[in-house]
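Q: Chains as they are written, first to last, in my numbering: chain H, 1 to 305; chain Y, 1 to 305.
Hints in this document: simulated from the structure, not taken from any laboratory.
Hints are supplied without guarantee of correctness; some may be wrong.
[What the hints assert, rightly or not] One side of the interface only, derived from the structure: several residues of chain Y facing chain H at Cβ under 10 Å: (1) E5; (2) A204; (3) V215; (4) T227; (5) A231; (6) G269; (7) G287; (8) I288; (9) P298.
[As the list claims (entries may be wrong)] Quick look at which bits of chain Y chain H covers, simulated, 3 or more residues with Cβ under 8 Å: (10) 138-150; (11) 158-167; (12) 255-264; (13) 271-280.
Ideal Cβ placement from N, Cα and C applies to all residues, glycine included.
2 protein chains.
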Amino acid sequence: MTPVERLAVIGCGLIGSSVIRAARAKGAATSIAVYDSSAEVRARVRELGMADAVFDTAAEAVAGADLVVFAAPPAAIGDAVAASAAGLKRGAILSDVGSVKGAVAEAMVAAAPEGVFVIPGHPIAGTEQSGPDAGFATLFEGRWAILCPLADDPAYLEAVATLTAFWQALGSNVELMDARHHDIVLAVTSHLPHLIAYNIVGTAADIEEVAEGEVMKYSAGGFRDFTRIAASDPVMWRDVFLLNRDAVLETLGQFTEDLQALSRAIRRGEGDKLEALFTRTRAIRRGIIAAGQESAEPNFGRDKK
Amino acid sequence: MTPVERLAVIGCGLIGSSVIRAARAKGAATSIAVYDSSAEVRARVRELGMADAVFDTAAEAVAGADLVVFAAPPAAIGDAVAASAAGLKRGAILSDVGSVKGAVAEAMVAAAPEGVFVIPGHPIAGTEQSGPDAGFATLFEGRWAILCPLADDPAYLEAVATLTAFWQALGSNVELMDARHHDIVLAVTSHLPHLIAYNIVGTAADIEEVAEGEVMKYSAGGFRDFTRIAASDPVMWRDVFLLNRDAVLETLGQFTEDLQALSRAIRRGEGDKLEALFTRTRAIRRGIIAAGQESAEPNFGRDKK
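Produce the complete structure using the sequences and hints provided.
A: Structure (structure tokens):
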């Protein structure tokens, strides 16, 4: 059974265009309408022919939709819901894909009209690329989609079941989670890693004794790995750090404390402490590979010929 | 022309076994002798049949060798050279693959007998795996090998030319560099990234509010990338940080300063500063891809089906 009849996607970047392509490839919706705030993106989406209809306003795109997925940068989602409100039908499910849930859920609820179901969501999947050309139909396969329900009455739970079926049709595993807990978990598994990657790439570019060309030439020693997530969408990530500030700063504080201890161990020549940490971290990767969230190939499989 | 007649490799982990496999696959040496300090590794190397002979002492393995490549952990290289000294022939070239050059070069020179050419070296290539099974013949293709010559008399320069031809035969580009500069460049492009990766994986594992299973499940948000280099050989990396302490602590100091500035920008809600950094870092990755040191595929090509 098709989980959703009429799907509308608001925002057609990497994630929005992947939702569209996956929904079409896997028959997760009968029809797909799209809106993006950029005229250039709308033109490109029409050209790519990935949706049934591309509209010039959000309210037109959501008209009659059973499920609306907001895939705009996190800080823009509240406004996008407000701009859609006039077109929403009673009983529509409103969800999103933002990497922050607490602040975005509040903004969605504040902007949504009566009689719709707001169910904040977040697929834990992506690449470092952006825009409607970057999306692909298999992005969500085997990945987790987290939903953060805001109510538990029967009608709402039925809407959660529909949204769950939609993400499962796209190939994802679905987990329900409190929005606050989501924001702490993602601060650790996604936001802090991005912050650290952006920072180290900036530090390497600015370091006086080493030319930028040398940083690039010799990046296969490890640095190149960090440049991948440091190439992610700047506006989206600006929003994530501002909207999940408290959890990000808390995890960053713990990271910094640990780094100071490591720095002290190097300064004092405490090789046993270094080796103990470096041995312990190996097990985490094995766990991630066993959980099906990472390639077991050396070097992510990118170099072996 | 075969660059080297008789090759000896001392230490047969990821890098040593890749040198052996590459030298054989590409005809870079006529015969290959091997020694490893672990009896278990020696047995495995015999089983794999990758070399012409596996010896139970270093001195036997290097007997008659034109080129000896020391591929032991950095802090063990001085002792390995000393243990080989009795077997070395006059005019032999001694090189290594260690990620630190200043301290290792000193140790090699101190341990080497008269009449041999010590030319410290470092191929900028690797994976997160260890041991003789982890190596492969194409590891060095398209990567840089840095040599740090210690003299400039004609006989020494001829030895440098031979070693250069050897690495080129393995598929590498060769660059000559002062050992001190090497250690600063690699602190930025390799040692600091590893230190940060080890640290963040440790922080994530210890954080109280988030279960280790959650860290693994939701690692596709970015964290999993860091676990790759944090799975690298613990003993080798312990040695690198202890032997390149000053350059590592200096670059770590700059990283920490930059991170504090970023933290302050988040705390103060300075979105423009965040966006400016996040935009700038994208260009570095494009440069690395253009330099042929990274895959242009999204997600390192590991997810797209």
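Q: All the hints need checking, so say for each whether the structure fits it.
A: Each hint tested on the structure:
1. E5: For E5/Y, the interface hint is violated, since the closest Cβ of chain H sits about 28 Å away, which is over 10 Å.
2. A204: Constraint on A204/Y satisfied, holds at 5 Å.
3. V215: holds (6 Å)
4. T227: holds (4 Å)
5. A231: holds (4 Å)
6. G269: holds (6 Å)
7. G287: holds (5 Å)
8. I288: Interface hint status for I288/Y: holds (5 Å vs cutoff 10 Å).
9. P298: holds (4 Å)
10. 138-150: Holds, because 6 residues of the segment 138-150 of chain Y bring their Cβ atoms closer than 8 Å to Cβ atoms of chain H.
11. 158-167: violated (count 0)
12. 255-264: Holds: 6 residues of the segment 255-264 of chain Y have a Cβ under 8 Å from chain H.
13. 271-280: Holds, because 7 residues of the segment 271-280 of chain Y bring their Cβ atoms closer than 8 Å to Cβ atoms of chain H.
Hint violations for this structure: numbers 1, 11, all remaining hints satisfied.
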